[in-house]
Amino acid sequence: AQSVAQPEDQVNVAEGNPLTVKCTYSVSGNPYLFWYVQYPNRGLQFLLKYITGDNLVKGSYGFEAEFNKSQTSFHLKKPSALVSDSALYFCAVRAPSGNTPLVFGKGTRLSVIA
Amino acid sequence: DGGITQSPKYLFRKEGQNVTLSCEQNLNHDAMYWYRQDPGQGLRLIYYSQIVNDFQKGDIAEGYSVSREKKESFPLTVTSAQKNPTAFYLCASRIVAYTGELFFGEGSRLTVL
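Which chain is which? The protein sequence lines are B and F, in order. Note that our numbering has the first sequence beginning at 1, numbered continuously upward. Note that our numbering has the second sequence beginning at 115, numbered continuously upward.
The hints are simulated quantities; they were obtained by calculation from the structure and are not laboratory data. The C-beta atom is built at its ideal place from N, Cα and C for all residues, glycine as well. Worth double-checking, as some hints may not be accurate.
Straight-line alpha carbon distances no greater than 30 Å define the calculated BS3-like cross-link-like pairs of lysine-lysine that follow [claimed, not checked]:
no., chain 1, residue 1, chain 2, residue 2
1, F, LYS185, B, LYS49
2, B, LYS49, B, LYS22
3, B, LYS106, F, LYS128
4, B, LYS77, B, LYS106
5, F, LYS123, F, LYS171
6, F, LYS123, F, LYS197
7, F, LYS128, B, LYS49
8, F, LYS123, F, LYS184
9, B, LYS106, F, LYS171
10, B, LYS106, B, LYS58
11, B, LYS77, B, LYS22
12, B, LYS77, B, LYS49
13, B, LYS22, B, LYS106
14, B, LYS49, F, LYS171
15, B, LYS69, B, LYS58
16, F, LYS197, B, LYS106
17, F, LYS123, B, LYS49
Coverage of chain F stretches by chain B, computed from C-beta distances (three or more under 8 Å per stretch; other residues unrestricted) [to be verified]:
no., region
18, 145 to 155
19, 217 to 224
Full structure from sequences and hints, please.
Now the structure itself:
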């Protein structure tokens with residue numbers, strides 16, 4: 001069975017500083033990994049995904065994520081945080097075989113302080 | 115514009131009543147999903163469907179029911195058997211391809227009075 005861990009419930013960062021939101025996963029075989037963002041009382045918006053290829057994946061709004069197979073991690077990063085990046089971020093994983101549903105982490109709340 | 119429409123946005127229910135949440139998509143996606151979101155618990159899968167007239171239970175299906183009579187529609191009924199139904203419910207869909215990401219609706223917030 002696949003699982004995702006987001007070890008930090010909350011991440012605080014100053015505007016203009018780099019940000020990292022951590023994610024580790026467990027799955028049999030090569031994983032399909034995703035990041036989503038959620039604003040209050042809204043649905044989730046897709047940011048980026050890793051399927052195969054380059055370990056550094058670039059996504060929407062200047063976000064990127066680095067796949068590290070040896071550490072089973074897929075951390076979300078941004079070089080310079082904006083106040084508008086403040087939101088709830090979810091990491092998700094799916095096994096490559098079959099059409100199994102996405103499994104989500106519990107989410108990390110990012111707060112960017114001006 | 116293509117997308118997923120959930121209704122109602124807010125719903126209040128008395129204990130003992132069944133309620134149905136609507137989810138409609140015009141993305142021509144094969145698969146549809148219902149997730150429940152509670153603070154600090156992330157998203158938990160209730161039911162999903164990959165083709166019309168077929169669906170599978172997720173991790174927390176007890177007290178819920180679904181139907182998939184049309185490709186575009188996947189309504190969720192929260193029955194009186196669901197002991198703690200107050201939550202934010204999210205519907206999603208995707209094409210049935212291994213790399214396909216989920217597209218989400220805007221959610222329905224159910225409050226039991």
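Structure-based check of each hint:
With a C-alpha separation of about 26 Å, the suggested pair LYS185(F) and LYS49(B) falls inside the 30 Å cut-off, and the hint holds. Distance hint between LYS49(B) and LYS22(B) is fulfilled; the C-alpha atoms sit about 15 Å from each other, no more than 30 Å. A threshold of 30 Å between alpha carbons decides the hint, and for LYS106(B) with LYS128(F) the separation of about 29 Å falls inside it, so the pair holds. At roughly 18 Å between alpha-carbon atoms, LYS77(B) and LYS106(B) fall within 30 Å of each other, so this suggested pair holds.
The suggested pairing of LYS123(F) with LYS171(F) holds, with an alpha-carbon distance near 24 Å, which does not exceed 30 Å. Of the pairs offered as hints, the one joining LYS123(F) and LYS197(F) holds, with about 21 Å between alpha carbons and a cut-off of 30 Å not exceeded. For the suggested pair LYS128(F) and LYS49(B), the alpha carbons sit about 41 Å apart, so the restraint of at most 30 Å is broken. This hinted pair checks out: LYS123(F) and LYS184(F) have alpha carbons roughly 22 Å apart, not beyond 30 Å.
A threshold of 30 Å between alpha carbons decides the hint, and for LYS106(B) with LYS171(F) the separation of about 20 Å falls inside it, so the pair holds. Simply put, LYS106(B) and LYS58(B) have alpha-carbon atoms about 23 Å apart, close enough for the 30 Å limit, and the pair holds. Taking the CA atoms of LYS77(B) and LYS22(B), the gap is near 9 Å; set against the 30 Å cutoff, the hint holds. Note on LYS77(B) and LYS49(B): the hinted pairing holds, with a Cα-Cα distance of about 13 Å set against a maximum of 30 Å.
The suggested pairing of LYS22(B) with LYS106(B) holds, with an alpha-carbon distance near 12 Å, which does not exceed 30 Å. The suggested pairing of LYS49(B) with LYS171(F) holds, with an alpha-carbon distance near 26 Å, which does not exceed 30 Å. The hinted pair formed by LYS69(B) and LYS58(B) meets the criterion: a straight-line CA distance of about 17 Å does not exceed 30 Å. Of the supplied pair hints, the one linking LYS197(F) and LYS106(B) holds, its CA atoms being roughly 22 Å apart against a limit of 30 Å.
For the hint pairing LYS123(F) with LYS49(B), the CA-to-CA distance comes to about 28 Å; that is within 30 Å, so the pair holds. A stretch counts as covered by a chain when three or more of its residues have a beta carbon under 8 Å from one of that chain; for the region 145 to 155 of chain F and chain B the count is 5, and the coverage holds. Counting residues of the region 217 to 224 of chain F whose beta-carbon sits less than 8 Å from any beta-carbon of chain B gives 6, enough to reach three: the coverage restraint holds.
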